[in-house]
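Chains as they are written, first to last, in the numbering used here: chain A, 4 to 302; chain P, 4 to 302.
Since the hints were made in silico from the structure, they are not lab data. On a predicted model such as this, the values are computed, not experimentally measured, just so you know. Any given hint could be a false lead.
Some chain P residues close to chain A (C-beta under 10 Å, calculated; not the full set) [stated by the list, open to error]:
#, residue
1, THR78
2, GLN122
3, ASP128
4, GLU147
5, ALA150
6, ARG153
7, GLY203
8, ILE206
9, ASP255
Label-pair restraints from in silico Cβ distances [claimed, not checked]:
#, chain 1, residue 1, chain 2, residue 2, range
10, A, ARG192, P, ASP268, 51 to 59 Å
11, P, LEU144, A, SER186, 22 to 30 Å
12, P, LEU33, A, GLU101, 55 to 63 Å
13, A, ILE82, P, HIS55, 56 to 64 Å
14, P, GLY81, A, ALA159, 46 to 54 Å
15, P, GLU101, A, CYS157, 47 to 55 Å
16, A, ALA159, P, THR188, 36 to 44 Å
Backbone N, C-alpha and C define an ideal beta-carbon position, used for all residues, glycine too.
Take a look at the letters that make up each chain.
Number of protein chains: 2
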Amino acid sequence: MTTLAFSGNPLVRPSAEHHAPEWFESQRALPDARFLPLHRLEAPVLDGATPHLAWWDAGVLEHAVDRADVVLLGTLGGIPHLAVAVTEPPPTTPEGTEFRDARRLASILPDTEAGILAQARSMIDWHTRHRFCAVCGQPTLAIEGGARRRCTACDARHYPRVDPSVIVLVEFEGRALLARRASGTAGNRRSCVAGFVEPGESIEEAVIREVREEVGADVEAVEYRASQPWPFPSTLMIGCRARARSAEVRADGVEIDSAEWFDRDEVAAALEGRSATLEVPQAIAIAHHLMREWVEDRR
Amino acid sequence: MTTLAFSGNPLVRPSAEHHAPEWFESQRALPDARFLPLHRLEAPVLDGATPHLAWWDAGVLEHAVDRADVVLLGTLGGIPHLAVAVTEPPPTTPEGTEFRDARRLASILPDTEAGILAQARSMIDWHTRHRFCAVCGQPTLAIEGGARRRCTACDARHYPRVDPSVIVLVEFEGRALLARRASGTAGNRRSCVAGFVEPGESIEEAVIREVREEVGADVEAVEYRASQPWPFPSTLMIGCRARARSAEVRADGVEIDSAEWFDRDEVAAALEGRSATLEVPQAIAIAHHLMREWVEDRR
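Start from the sequences and build out the full structure, keeping to the hints where you can.
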């Protein structure tokens with residue numbers, strides 16, 4: 004499978020040997036340290052022939068929501084790369100810089116920068132929503148370069164969340180099962196069945212349960228295909244293929260309002276945007292690639 | 004790969020169509036509802052020729068740490084199965100019942116009961132450590148049969164954590180790389196390299212990073228093999244195989260103090276417990292099965 008959006012991060016992340024506060028302070032203070040400010044989780048991009056992320060120097064910290072919540076993403080060629088939430092787009096913005104959502108940026112940035120953006124967005128969102136200790140309710144503080152937070156009262160350590168979710172292309176006798184989300188705006192838009200892995204289940208069990216719950220089908224032969232970070236806010240998409248035991252399906256009517264079978268020609272047309280009846284996710288989504296792989300694989 | 008410990012849960016979990024408070028109340032009130040009390044996360048087991056989990060009726064709720072935190076795990080043949088944390092082992096304990104840790108129980112319980120126990124342990128631990136809102140610091144309440152919590156002040160919804168972790172058997176020219184954790188008590192005990200997936204990375208990227216960080220090796224051809232829920236407290240173990248680019252390794256000295264290559268005969272002996280120099284994880288761990296599969300697979 005091709006390189007998936009958000010999975011090309013080239014930074015060397017801080018590892019166990021670097022868990023000393025002084026090390027983070029020294030990195031952050033390096034004159035060539037680069038800072039990516041996120042405003043309402045939107046990232047700055049310099050548009051043009053080759054759009055790329057706009058980085059700032061430490062001066063941008065004047066606009067930080069909280070200077071204690073600067074996250075060291077990693078280093079590249081010895082240069083530290085950091086991210087910080089800002090209260091407003093910094094006024095020193097270079098001409099042509101715009102703040103945009105990661106969904107829009109994923110398809111125009113180089114793979115490497117989309118990967119960095121995924122890490123930055125997930126981490127900044129996590130810090131923003133974990134300023135208090137879930138154990139005792141008291142304030143927490145970022146430690147270890149923002150890699151975790153510590154409770155100021157009970158000393159509990161809190162780690163960034165990564166939420167594993169399965170997404171599965173279900174097939175039966177040469178056709179693929181695509182489902183439509185229950186929402187007034189879905190129109191012809193359909194995708195693979197997906198859902199979060201729950202506590203106490205394997206990937207394969209999550210696939211079987213989600214397909215049964217959402218579209219009433221029994222599947223077997225669950226096969227892992229690929230994975231992708233999906234920073235909305237911090238999902239690990241786990242892409243699978245599975246085989247239905249029959250063509251019987253029944254949308255749950257709550258999350259899914261329609262589940263139908265499509266043959267390879269129909270899905271191929273939709274992937275190329277030339278179907279009048281079926282719309283599928285864009286190439287930044289792993290669902291797109293699960294479908295493309297299935298269309299091209301005539302086994 | 005054989006059925007892995009903790010992955011045989013037969014319960015039908017509550018799904019979207021059942022997210023009404025009345026439904027949960029009615030389930031909990033059914034006279035044949037079964038309750039699993041956990042005391043300090045230990046579960047009650049009736050030992051004997053065929054050890055099995057000991058279930059209570061609703062009377063056990065007298066000993067609940069918090070009666071609002073009863074978790075509906077799911078149903079089996081229409082019978083609701085619930086879990087609750089208790090302040091002490093209930094005095095109505097049937098003769099011979101003991102409270103034991105899930106690690107010890109995994110190898111003696113039937114697969115189905117070990118699977119239920121995994122879900123119960125992860126969920127009860129999550130509720131215990133999420134009594135406050137990470138966003139605003141105010142108290143949270145269990146909703147939807149314990150499937151999530153809601154903040155009493157800011158109304159934020161909180162979902163149970165599942166932490167994806169990769170674990171990888173690294174091979175190079177017919178030998179497997181096994182690492183020893185840096186701790187005075189590890190002795191001859193070695194296992195596969197493992198670590199949590201971080202925000203903004205795929206499974207494959209996590210494998211490459213962990214191996215590089217912990218044992219200084221570069222790997223390629225990362226291949227998914229199997230997954231397993233590991234309820235300590237709520238990990239999703241993602242088992243992989245990968246190929247090193249060379250035999251060069253260097254333990255990081257922090258998490259790992261030794262990393263060495265072993266051939267198939269050495270690993271086979273250790274799996275059967277007849278090696279004087281190498282000790283490997285028991286059969287409840289996915290690492291055991293990654294090694295066994297590699298030993299038996301001479302490709």
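Structure-based check of each hint:
1. THR78: violated (13 Å)
2. GLN122: holds (3 Å)
3. ASP128: holds (9 Å)
4. GLU147: Since the shortest Cβ distance to chain A is 13 Å, the answer is violated.
5. ALA150: Given a least distance of 9 Å, the restraint on P:ALA150 holds.
6. ARG153: At 13 Å from the nearest chain A Cβ, P:ARG153 fails the 10 Å test, so the hint is violated.
7. GLY203: The hint holds - P:GLY203 has a Cβ within 10 Å of chain A, the shortest such distance being about 3 Å.
8. ILE206: holds (4 Å)
9. ASP255: holds (6 Å)
10. A:ARG192 <-> P:ASP268: 51 to 59 Å: Hint holds: Cβ distance 56 Å, inside 51 to 59 Å.
11. P:LEU144 <-> A:SER186: 22 to 30 Å: holds (28 Å)
12. P:LEU33 <-> A:GLU101: 55 to 63 Å: holds (57 Å)
13. A:ILE82 <-> P:HIS55: 56 to 64 Å: holds (59 Å)
14. P:GLY81 <-> A:ALA159: 46 to 54 Å: Between P:GLY81 and A:ALA159, where Cβ atoms are some 40 Å apart, the hint is violated.
15. P:GLU101 <-> A:CYS157: 47 to 55 Å: violated (31 Å)
16. A:ALA159 <-> P:THR188: 36 to 44 Å: 25 Å Cβ-Cβ, so the 36 to 44 Å window is violated.
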